[in-house]
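*Asks:* Sequence:
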Amino acid sequence: MISKDLLPFVRPRPSDTEGLVNAEGIEEAGMILGGKVRSPATGETYEIKDGYLDLLKASTGADSLANLTNFLPGAGRGYEPLWRVRSLSLLTGEPFPNERELEIITRLVRPVREGRYLDLGCSAGLYTRSLSGNLDSGLAAGIDISPSMLREANRRARAIGANPSFVRANAKNLPF
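If you read the sequence shown in my numbering, its first letter stands for residue -13, the second for the next number, and so on.
Please note that a few of the clues may not be correct.
Label-pair distances were calculated between CB atoms; the ranges are [unchecked claim]:
id: 1; residue 1: Gly16; residue 2: Ala145; range: 18 to 28 Å
id: 2; residue 1: Leu77; residue 2: Ala157; range: 14 to 24 Å
id: 3; residue 1: Ala9; residue 2: Leu77; range: 36 to 46 Å
id: 4; residue 1: Thr55; residue 2: Leu106; range: 11 to 21 Å
In silico DMTMM-like cross-links for lysine to aspartate or glutamate, where the CA-CA straight-line distance does not exceed 20 Å [what the hints assert, rightly or not]:
id: 5; residue 1: Lys22; residue 2: Asp36
id: 6; residue 1: Lys35; residue 2: Glu87
id: 7; residue 1: Lys35; residue 2: Asp49
id: 8; residue 1: Lys22; residue 2: Glu10
id: 9; residue 1: Lys(-10); residue 2: Asp122
id: 10; residue 1: Lys158; residue 2: Glu10
Simulated from the structure, these hints should not be mistaken for laboratory data. Heads up, the beta-carbon is just placed ideally off N, CA and C, and yes, glycines get one too.
Using the sequences and the accompanying hints, generate a full structural model.
*Replies:* Next up, the structure:
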């Protein structure tokens, strides 16, 4: 899903002078849940499916083996409960649950309720979901190249009633 308020800021190519517009998107409470959006600059359309806007289409966007592992079946579902907690606990030498990580990030970011936030390489959307829950009229968007991660990010966001935007894009060509 993607906020219709975010569309004017999304430019699939850095040279695009205008943001995206809703072409055939299904809207609910200010969010586009599925369908298509269009670039006025090029006329090209992009799908919103599985809970995210896909700017990469057929391209993987992956340029390393580490990136490609995020495309494996189940990678998104297992990332937060298995990999993230274990890796941070190993790195710090002490138990490091997701809740502790979120407390630290929230304290450092100090979200403004009307702010705009981008979670670059959002994986399963941990920060994006948390930021979205701290906003009133602000926007929280997460981008990642992995469809598996973005599907899981959307699933987890919807499960807690959060409404962040998720975009499949390559951070090397930032679409904002």
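*Asks:* Could you run down the list of hints and mark each one as holding or not?
*Replies:* We went through each hint and held it up to the structure:
no.	hint	in the structure
1	Gly16 - Ala145: 18 to 28 Å	holds, 19 Å
2	Leu77 - Ala157: 14 to 24 Å	holds, 22 Å
3	Ala9 - Leu77: 36 to 46 Å	holds, 44 Å
4	Thr55 - Leu106: 11 to 21 Å	holds, 19 Å
5	Lys22 - Asp36	holds, 12 Å
6	Lys35 - Glu87	violated, 29 Å
7	Lys35 - Asp49	violated, 24 Å
8	Lys22 - Glu10	holds, 5 Å
9	Lys(-10) - Asp122	holds, 15 Å
10	Lys158 - Glu10	violated, 28 Å
Checked against the numbered hints above, the structure breaks hints 6, 7, 10 and satisfies the rest.
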